[in-house]
Structure formats: C-alpha cells, structure tokens
Amino acid sequence: MRTWLARAVVSFLMVPLTAAPAASSASARTDARTCAKADLLFCEDFQAMPVGGAASLRWGVDTKHGALTVERGRRGQKVLRVHTEGNGRAFLKVDDFAAPGNSFYGRVRVRVGAFPTAPAWAHYTLVEATGDGPEVVRPLGGQYAPPPHGGAAYWGVGADGGPTGDWTNWRPTAPSIAGSWTCVEWHMDAGDNRVSLWFDGVAKPELTVSTREHGGNPVDFVFPRFDTIKLGWQLYQANPSPAGYDVWMDDIALSSRRVGC
Numbered sequence: 002m003r004t005w006l007a008r009a010v011v012s013f014l015m016v017p018l019t020a021a022p023a024a025s026s027a028s029a030r031t032d033a034r035t036c037a038k039a040d041l042l043f044c045e046d047f048q049a050m051p052v053g054g055a056a057s058l059r060w061g062v063d064t065k066h067g068a069l070t071v072e073r074g075r076r077g078q079k080v081l082r083v084h085t086e087g088n089g090r091a092f093l094k095v096d097d098f099a100a101p102g103n104s105f106y107g108r109v110r111v112r113v114g115a116f117p118t119a120p121a122w123a124h125y126t127l128v129e130a131t132g133d134g135p136e137v138v139r140p141l142g143g144q145y146a147p148p149p150h151g152g153a154a155y156w157g158v159g160a161d162g163g164p165t166g167d168w169t170n171w172r173p174t175a176p177s178i179a180g181s182w183t184c185v186e187w188h189m190d191a192g193d194n195r196v197s198l199w200f201d202g203v204a205k206p207e208l209t210v211s212t213r214e215h216g217g218n219p220v221d222f223v224f225p226r227f228d229t230i231k232l233g234w235q236l237y238q239a240n241p242s243p244a245g246y247d248v249w250m251d252d253i254a255l256s257s258r259r260v261g262c
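The numbering used here numbers the first residue of the sequence shown as 2 and each following residue consecutively.
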C-alpha cells in the first residue's frame with residue numbers, strides 16, 4: 002500500500018505519543034438490548050447463532066485465506082472470531098444496505114490478537130464501506146509505522162480506488178493495542194463526506210477526515226452511495242509478521258443515530 006511518508010513523519014513529530022486508554026469493562030460485555038432497538042439499520046450480537054462456522058440469511062461472508070466462526074467468550078456470550086493467514090481476508094458482509102441520506106453510525110466491540118510488526122507500512126482494515134461510486138471507504142483500519150516513525154501500529158481512517166488514491170490517515174495518538182476489548186464507533190456524514198471515530202466513548206478528532214481534509218491526493222474525497230458494509234480483517238502485504246491474525250467482534254450495530262457503548 003502506498004504511504005504518504007512526508008505527511009506521516011510531520012504528524013509523528015508534531016503530535017506526542019500517548020498511552021492508550023484503558024479498555025472499558027463494558028467493551029467485553031454483551032448489550033442484550035441493542036438488537037431489540039427498532040430503529041437500527043442492522044444489528045448482530047451472535048447470541049442466537051450456533052457455535053461453529055458462521056453463516057446467516059441476514060448477512061454474507063467474504064473470505065480468502067480466512068474463516069469466520071462463532072465461539073463463546075470468557076463471559077459465556079457468543080462472539081464472532083475472524084481468522085486469516087498471511088495477507089488474507091475474512092469479513093461479515095452486510096449487503097443491500099441503505100442509510101437515509103447516505104449517512105449512518107456504526108458500533109462494534111472488537112479485540113485483536115496481534116497487529117502486524119512487518120513489513121514496514123503494513124496496512125489492515127476492520128471496517129469497509131462501498132457502493133455506487135469509486136471510493137472504497139475504510140472507517141476503521143490502520144498501519145504499522147516502522148522506526149523511526151513510531152515502530153508501532155496505529156488506527157486510522159482510509160480509502161482506496163477513487164480519485165483520492167490509496168491512503169490511511171493514521172495518527173500516533175491512536176495506537177492499535179492488541180489483546181483488549183475496545184468499543185469502536187464511527188459516523189459517516191455525507192453532508193461533508195466526513196468520517197469520525199470514538200474509542201470507548203472518547204472522540205478521536207485527529208482521525209477525522211472530510212471532503213477537503215484527508216490523507217490522499219489533493220482532490221475532493223466523496224462518498225459512494227453506500228450499499229455494502231464489511232466487518233472483519235484484511236491485511237494487504239505479503240509475508241507479514243505475525244503470519245496469522247485473530248480478531249473477535251461482538252455487538253455490531255448500524256444506525257441512523259449514534260448507538261453508544
């Protein structure tokens with residue numbers, strides 16, 4: 002994946018690295034009330050699904066060198082396990098998605114077993130939104146920035162396939178921390194083609210992108226007409242370290258209003 006190295010270096014030098022916030026205890030709990038809300042555009046908490054290979058009439062599966070399974074978490078609730086090898090992918094795919102005004106909120110509780118430590122600038126995606134239009138929008142993903150640019154993995158919003166090119170707007174103030182449950186929320190606002198993020202209820206405005214403020218080519222960033230949302234994991238570089246990846250997801254919700262953690 003191409004990296005806007007000069008911008009990344011300046012960003013790292015100007016913004017100090019801060020410790021990740023402690024994972025909220027609520028992040029590992031199942032909110033049994035979420036999928037009972039009538040105004041949700043989509044919801045999946047996996048509680049009604051059998052343990053084993055993940056399949057549903059309400060959503061599809063997109064995999065290559067990867068698999069989705071439903072398993073029980075430590076508290077007994079069911080969660081989705083996403084497993085990939087190398088630069089594979091495994092996604093739960095919400096097809097025929099339509100949001101009023103092409104704007105919506107998303108919420109997912111997620112735990113990543115490990116983030117890439119090689120190769121340099123290894124890029125990963127956990128949430129992807131596509132539709133009628135060239136931009137592939139990635140409201141939740143990130144990138145491994147090698148020394149001397151941090152030597153760690155950082156969250157970021159990204160895009161690919163459109164006029165703005167291939168970019169990830171990562172920031173060193175948003176480190177991707179493995180091993181802990183995190184509640185991630187995002188907002189896709191078509192009014193200004195704006196993507197905003199919250200982690201455990203705390204806004205991360207430095208990750209926000211919009212029509213004119215993003216990490217790509219100096220042209221407008223414009224949403225497609227969204228019709229497909231994918232949640233899971235994809236890594237794009239060959240021969241990564243580690244060679245395999247495990248991600249656990251729960252309490253997926255898409256809504257016209259913020260769902261909250």
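No lab work stands behind these hints: they were computed from the structure.
Ideal Cβ placement from N, Cα and C applies to all residues, glycine included.
Hints may contain errors.
As the list claims (entries may be wrong) - The calculated lysine-lysine pairs, modelled on BS3-like cross-linking and capped at a C-alpha distance of 30 Å, are: (1) K38 - K94; (2) K65 - K79; (3) K205 - K94.
Stated by the list, open to error - Simulated DEER-style distance windows between Cβ atoms: (4) R75 - D221: 37 to 47 Å; (5) P149 - A37: 47 to 57 Å; (6) V203 - K65: 15 to 25 Å; (7) P243 - S57: 46 to 56 Å; (8) K38 - G192: 21 to 31 Å; (9) R73 - P149: 41 to 51 Å; (10) A39 - V203: 34 to 44 Å.
So, going through the hints one by one against the coordinates:
no.: 1; hint: K38 - K94; in the structure: 21 Å, holds
no.: 2; hint: K65 - K79; in the structure: 24 Å, holds
no.: 3; hint: K205 - K94; in the structure: 26 Å, holds
no.: 4; hint: R75 - D221: 37 to 47 Å; in the structure: 45 Å, holds
no.: 5; hint: P149 - A37: 47 to 57 Å; in the structure: 50 Å, holds
no.: 6; hint: V203 - K65: 15 to 25 Å; in the structure: 34 Å, violated
no.: 7; hint: P243 - S57: 46 to 56 Å; in the structure: 29 Å, violated
no.: 8; hint: K38 - G192: 21 to 31 Å; in the structure: 24 Å, holds
no.: 9; hint: R73 - P149: 41 to 51 Å; in the structure: 43 Å, holds
no.: 10; hint: A39 - V203: 34 to 44 Å; in the structure: 28 Å, violated
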